[in-house]
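K.L.:
Okay, here's what each chain looks like letter by letter:
2 protein chains.
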Amino acid sequence: MLWSTLFIPTLRELSAEAEVVSHQLLLRAGYIRQLAAGVYSHLFLSQRTLLKITGIVREEMDRIGGQEMLLPALNPAEVWKESGRWDLMGDNMFRLKDRFQRDLCLGMTHEEVMTSIARGELRSYKQLPQIWYQIQTKFRDELRPKSGLLRVRQFIMKDSYSFDLAPEGLDAAFDKHFQAYCRIFDRCGLSYVAVEADSGAMGGSQSTEFMVASDAGEDFVVTCSKCGYSANLEKAIAQASPLAQPDPPEDTSPEKFHTPGQKTIADLAAFTKLPETSQMKSLVMVADNKPVLALLRGDHQLSETKFAASMKAREVRTALAHEIVQWFGAEPGSLGPVGMKNIAIVADTALEGRVNMIAGANQDDYHLRGVTPGRDFKADFYDLRQVATGDRCANCGEVLAIQKTIEVGHIFKLGYKYSDSMGLKVLNAAGEEVKVIMGSYGIGLERILSAAIEQHHDKDGMSLPASIAPFTVVVTPVYIADNDQRHAAEEIYRNCKDLGLDALLDDRDERAGVKFKDAELIGIPYRITIGKKLAQGQVELVTRRGKISRDVNVGDAAREVAKAAAQV
Amino acid sequence: MLWSTLFIPTLRELSAEAEVVSHQLLLRAGYIRQLAAGVYSHLFLSQRTLLKITGIVREEMDRIGGQEMLLPALNPAEVWKESGRWDLMGDNMFRLKDRFQRDLCLGMTHEEVMTSIARGELRSYKQLPQIWYQIQTKFRDELRPKSGLLRVRQFIMKDSYSFDLAPEGLDAAFDKHFQAYCRIFDRCGLSYVAVEADSGAMGGSQSTEFMVASDAGEDFVVTCSKCGYSANLEKAIAQASPLAQPDPPEDTSPEKFHTPGQKTIADLAAFTKLPETSQMKSLVMVADNKPVLALLRGDHQLSETKFAASMKAREVRTALAHEIVQWFGAEPGSLGPVGMKNIAIVADTALEGRVNMIAGANQDDYHLRGVTPGRDFKADFYDLRQVATGDRCANCGEVLAIQKTIEVGHIFKLGYKYSDSMGLKVLNAAGEEVKVIMGSYGIGLERILSAAIEQHHDKDGMSLPASIAPFTVVVTPVYIADNDQRHAAEEIYRNCKDLGLDALLDDRDERAGVKFKDAELIGIPYRITIGKKLAQGQVELVTRRGKISRDVNVGDAAREVAKAAAQV
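From first to last, the protein sequence lines stand for chains H and P. Mapped onto the working numbering, the consecutive letters of the first sequence carry residue numbers 38 to 605. Mapped onto the working numbering, the consecutive letters of the second sequence carry residue numbers 38 to 605.
Among these hints, one or two may not hold up.
No copy labels: a pair is met if it fits in one copy or bridges any two.
Straight-line alpha carbon distances no greater than 27 Å define the calculated DSSO-like cross-link-like pairs of lysine-lysine that follow [claimed, not checked]:
no., residue 1, residue 2
1, Lys327, Lys118
2, Lys175, Lys134
3, Lys554, Lys163
4, Lys569, Lys118
5, Lys175, Lys534
6, Lys343, Lys263
7, Lys118, Lys134
8, Lys472, Lys462
9, Lys415, Lys349
10, Lys441, Lys175
No lab work stands behind these hints: they were computed from the structure. This structure is a prediction, so every number in the text was calculated from the model and none was measured.
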């Protein structure tokens, strides 16, 4: 293609609206433009890149036996009501009514529609296993769209669904997807880590997220450099750090003492001269509208995800101050488990075996010392705490790393959640009706592009891998007005096309500096520059990543690019 | 691929819900399933076919220099308000509000969004011309979705938009699209006709529709077999048929006579013993909320499209009975132009030069004879009538044919409609701000598939062209349990794949009849059957269209298919 004919609206200035690098570069390189909050138009370059990513995703899904479909974005409310998610999705779901006032929504994901197709058509175990996928636009009314294409309200997703007769089949489908996802992210040039994750609103038993380390991300991942353990922060486990001071061993009873104005754990530690690890933190949570008291070691934070899982709750939140006073007659800063009645108490496992701690007395400005779980109150123990900096690996004891990441893929074992709620059954070999076991697997296509930019850029722009860059090579004559240069450029461009390279000829009548800057900004992996050395039969081959330059013979230029691109 | 692993839910029974052939076959062949009224899931086969159609459309758009983009389905109300179409689109537009109660709609077409991108980025004539396209999902809340994929509420469209400095540029872009569309429909195996059409809500000056003759269609096209004239019925012109009886030549004045109970033209013709061609038909229309009297020869019908165009009206309708009585003091059956005041009168050109006709007297049960346009009332003449069976070509006098058709593509010269309303200007070579002239071009992808089925089927199923069929060839061993047959089938299947043929191996343990029926139903163009003649080294090659069968050598089978497929 000829650059002079293309619509590539690059910008020299930084955009005030963009905070993260990928957003900034996508705007400056003329890939995208915003139409509304969290809603972007993909211009020529972005669509070109997305088509390459789509091609890779499609190939890898086909390779594991996936069958491509295309389901509607317009979903009737009925199927979402059957699964119970019409209510659960809340404001995140775009809802509308048609001209006959029938309720519709825009698909956020397609478990419901896929299950409704499956239950209409699958009758026998002989039709299993199945993997169905689509590459399609999803809609989510995000509260805070941000970071360019990283958190948007409309995006392209590859979502797939597996249907199996037995858990072993689901395991196999899950494994196939794991492998396919690794190949997809490898081919897109991403460094990623696969981590244990929570299933959230999807339901199901096991889930793995594919995470790309980046400061632009909104997720946190915990990894162990020694044993390879990795998990989403919401779900990660660790050894608790050692106590700053051992518990006093005496077998005493709780004893009330006056703590005027001491509300926080830090206040109490200073006031009692006992470290935070000796304090017991009491949080009033609400799980599916019921109050629950959650206890943690003073220096620990609650993981709402773990708490929700332990309570098997759909929705959890922190209680409001007025609810706490109404329920317990004391301010949040003075609550504690001793004497607490008619409320479930759960405690983090780090409190198991502890004795004589300090806790709230359920009376404003009073606390208790000598509080011992089991003896002074009853609680169910769960892993409730969020891993913190400095925690050690539960497997091997190494200090864990916590890093910010972008989620680019997520695979779930759904189990029987949708088969149960929507009645998906087949006859097994014995002629009995059995439930089908399902999996659900997603990849965000714009996320791959954004993550690739976050991982591959420098101060001058993107340095995308050849597999997903909008063009593989740009052929740039320094002076287009110089006939020799132009003819050589045209010849090299043709040679590139003949070798099957996705080539661009920068035939614009612009200064060389402008052309170089544009090509660097949009991230074309290779540039062949035709300049003064043409007289000696040489041109310059520049590799975008690292800006490594070398001279090659005119006749070899295209082949050299093809060789280099094939190695990536 | 192996048929045994695929999800191809063919049905033996006819579906009660499907009236037209393509709908019936898409359901029976397991291509689609309905999710809601006018909302379909594309299953494996349909998506496979759509991807092939998409590939053809993309190649031909790229060939004319189109640049692919991808615009959001979620559109903010603002851009549609700017163009004035937020109101105009009425109930056909899906509207919704986001969590902050901001008005959004789902894109029915993308003139507004494309124009908003263009005005933000195009500054100079040097950036023109541009052709931007996308292959994307559109949403229209049809009043009566019907005929399977022919009239739906969500569908895939290739829409493109051209931006030029001057009308000659638009002409060139329009021509390029015309050629591209011809190539697309040719490659998809469609017989079609390009006809003059109305621009409707799109605005603009010139438009051409691409029509496929089919009883499943909802459009009517007028064609002349002699001179090649063709147009949409709404827009077609013709010579009026001759008068059944000449007008009386006397120069008289209108004379009232009693016509008790004679309401219709047919009534009056019988009552007055003068043919319908001697009667003047008076219709009260409403154009943009103003009443207009439209006059036609008694045997002619009004074309609302032509009427709207002549009045330059956005919206036209027939007046309601109570409105007519209120405005004119007479029932619809007795209205006429003589003495009519304070109302615009338009007359069809077939009334020009007529004298002494019969018309309503604006008094119930009375009519006038001796009514002469120009002498007895003033009217503006326009071509207002719809072409009728038996009319003759305005160019060459041949009798015109009227046939039912499916619209598969539509190209428009928009002119300055959106540049005007949304302020799209660039600087010309003289440094002056000038408006950009635009074109808009659309193809419905599901329409292509449906039209291809309507044109290519028989009682046993689809007979799709190889270019868009989900598979090119199916390799069918009669008895999969026969090892020789299975091995031969596998070898032929591999040979097909090696030749780049999109091949399917029917490895199901089913009776041969079932396998043949399924392959015929889903419309695979070629079948290689491995049966008893394998002992003599021969297999059967069956061409789906026409079911032509011949024996070929095992070793030649794949190559014979490749040869045949290449000729289509």
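K.L.:
Each of the hints needs a verdict: does it hold here or not?
P.N.:
Status of the hints after comparison with the structure:
Proximity of Lys327 and Lys118 under a CA criterion of 27 Å is satisfied intra-copy only: 24 Å inside one chain copy versus 47 Å between copies. Taking identical chains as interchangeable, the C-alpha atoms of Lys175 and Lys134 lie at most 27 Å apart whether they share a chain (18 Å) or sit on different chains (17 Å). Taking CA atoms no more than 27 Å apart as the test, Lys554 paired with Lys163 passes between copies only; the shortest distance there is 20 Å, against 59 Å inside one copy. In this assembly of identical chains, the alpha carbons of Lys569 and Lys118 never lie at most 27 Å apart, being 70 Å within a copy and 55 Å across copies at closest.
For a Cα distance limit of 27 Å, the shortest separation of Lys175 from Lys534 qualifies neither inside one copy, at 36 Å, nor across copies, at 35 Å. For the identical chains of this complex, Lys343 and Lys263 are intra-copy neighbours only, at 25 Å inside a copy versus 79 Å across copies, given an alpha-carbon limit of 27 Å. Proximity of Lys118 to Lys134 under the C-alpha cut-off of 27 Å is found in both arrangements, the shortest distances being 15 Å within a copy and 20 Å between copies. For the homomeric pair Lys472 and Lys462, the shortest alpha-carbon distance inside one copy (4 Å) is at most 27 Å, but the shortest distance between copies (62 Å) is not.
Within a single copy, Lys415 and Lys349 get their C-alpha atoms as close as 20 Å, which meets the 27 Å cut-off; across copies the closest is 82 Å, which misses it. With identical chains, the CA atoms of Lys441 and Lys175 are at most 27 Å apart within one copy only, with a shortest distance of 25 Å there and 37 Å across copies.
Checked against the numbered hints above, the structure violates hints 4 and 5; every other hint is satisfied.
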